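Participant: Listed here are the chains, written in short residue letters.
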Amino acid sequence: MNIEKILLIGNPNVGKSAIFSRLTGAKVIISNYPGTTVEFTQGKMKMGEESVMIIDAPGTYTLEPTCKAEDVACRMLGEGGLVINVIDATNLERNLYLTLQLLEKGIPVIVALNMWDDAKHRGINIDVKKLEENLTAPVVPVCGLTGEGIKDLVLRMPEMKPSKPFVSTDGQKWGKIGKIVEETQKLTHRHRTLLEILEDLSIKPFSGLLIAAGVMYCTFWAVRFLGENLIRHMFEPLFGGLWSPLMLRLSAFLGEGSFFHHILIGNLAGGGIDFSQSFGLLTTGFFVPIAMVFPYILSFYLVLGILEDLGYLPRLAVLMDNFMHHLGLHGYAIIPFILGLGCNVPGALATRILEERREKFIAATLMAIAIPCMAQIAMIVGLVGQRGGKYVAVIFFILFALLIIKGLILNRVLKGVSPEILVEIPPYRIPQIQAVIKKLWMRLSGFLKEAMPFVLLGVFFVNVLHMLRIIDFFSYIFTPVLTGLWGLPKEAVSVLMVGFLRKDIAVGMLGPLNLTTKQLIIGSTILAVYFPCIATYIVLIRELGVKDTLKSTFMMLVAALLIGASLNLVLVD
Amino acid sequence: MIIDLIQMRAGESGVIWEIQGGHGLMRKLYSMGARPGKKIIKVSSHFWRGPQTIEVDNMQIAVGFGMARRILVAVER
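Sequence order for the protein chains is A and B.
Mapping of the first sequence onto my numbering: position 502 corresponds to residue 502, and the numbering continues sequentially without gaps.
Mapping of the second sequence onto my numbering: position 44 corresponds to residue 44, and the numbering continues sequentially without gaps.
Just chain A, same shape as in the assembly (with noise of 0.2 Å):
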């Protein structure tokens, strides 16, 4: 039969994005914990002469969805298509509900038994031949993570075929799946391994929270040191050392004052290029980026990207839950927190493995006001941790605080009560090097694509409509708040213009107003609460619509004002 479209269809965590990945050779994030893909992603295949087109999909435990998650999933099946089943050979009898589920509305499908190297390591034996009879389908051992099998699925996927559509009841179902599992799979006992006997460790209350605590501070950590020493001795040295002659041999060229120098160059400070406060295209606006956030991004996704193929964070997501309940969610709504302290615009799409809307809304709008992403807190463990670590450690416990009393408000005020968790915690498994690197340079490539153009819009933005004299004009208008209420300068106007664009620059933007160590912490944590970039924005109004984010966005204006004002009556100087 001629094949046009193939969906990806399976239930979550079960290598589905691994084994799309190696079929297409399209770059998509794969980690272990469910609800990793929140979208669907496509990716073409050759097919001997034919390209056809490959659908990863979120996944799924029933064709009734729970969550926007699933629901994708299921609304691209109504597209029409083949369907790739991915099951998880380590757990045989509930993929096989979504399987049958399937074949009963007679959609062509071959399946993909996943995990196969691991079932065997664990001692499940199950006999494909078997299994293919009873399902009625090719079925083709594969692992998705080392690319064994792939062949063979793309081999025998001709053999798909419709089947007559059937009408059976959940009884019936779980009946038949009962007597597959009974004659197609062998289970031979084995010892708990090491790794087993630390899944159990971490999910236990008083062990749990000690490893909790203790990877948080590693994480922390490692981050910190990796960040600071990429930066001192490589990205410093690089630009001090290589960059800056180059940019003075350009800035004679030009000629100081002539409109290119101020553009590219910015201003000269003593004859020099001081890096953090020139603002030029070229020279602060590569600094900040590359320089500065740049390290602390690289470290931040090799630790988390560990994190998440071990398969740690839903253990965290159950520990943290009763505390999320506080804050109206549920534990696993740490997934896009975590993610946000990253990018905050995955950390948004991420809501979506969230059930209900109510919760949705709390989750996003809290981390859009209180979650700084990892080029923001780069930059002000740059800019503020000049004037003391302690400082730094201020602002962030202004945010959490912040976090939590605002969620403590949200739950109070929004009707409904916060679902309970219900998340399966993958077993751990130990991250592969080459995984690890290959989802590491995909995100640091994404931040390099999306970031700078941003940063470097932004700093654009800002000479342009300083010769032009527009940011006078604005900065005349909000005196009263800026100064009146905040206590900063009249100039901190641009900084808020330019934190629509991008938090990184706009925090490096506070570096040459000689600001007070009061000042800068104010405006540090107003720059995190007012607004999330724009990037997020536009996610938040696609996930939340145009109503809940005007509520939303009313709620961070607020907050800001607020915390502003009462920052600036409480610190001292």
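It cannot be assumed that every hint is accurate.
Listed below are several chain A residues computed to face chain B (Cβ distance under 8 Å; list not exhaustive) [said to hold, decoys possible]:
| id | residue |
| --- | --- |
| 1 | Tyr-61 |
| 2 | Asn-91 |
| 3 | Glu-93 |
| 4 | Arg-94 |
| 5 | Tyr-97 |
| 6 | Ile-203 |
| 7 | Pro-205 |
| 8 | His-261 |
| 9 | Asp-321 |
| 10 | His-326 |
| 11 | Glu-420 |
| 12 | Leu-422 |
| 13 | Glu-424 |
It is worth saying that the hints were derived from the structure and are not from the lab.
These numbers were taken from a predicted model, which means no experiment stands behind them.
For glycine and all other residues, C-beta sits at the position ideal for the given N, C-alpha and C.
Given chain A's structure and the hints, the job is docking chain B onto it.
Facilitator: Chain B alone, transformed into the frame defined by chain A:
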């Protein structure tokens, strides 16, 4: 005897007797492998009405406190 999931002790095993849930909860639990007749082991329970974790087949599942109360399990004591 029949008890609910919360009353099970960590490390104890039993067989799911009944899930007294709404249709949605039942379907989701079933499709995650937790349905009547299945052998489960309670792994842990968290403080202050926190989630309960159980092991079904080869998979661990975390279940909120309220849901756990609606999962009845037959245990031998």
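Participant: Name the hints, by number, that the structure is in violation of.
Facilitator: 8 and 10
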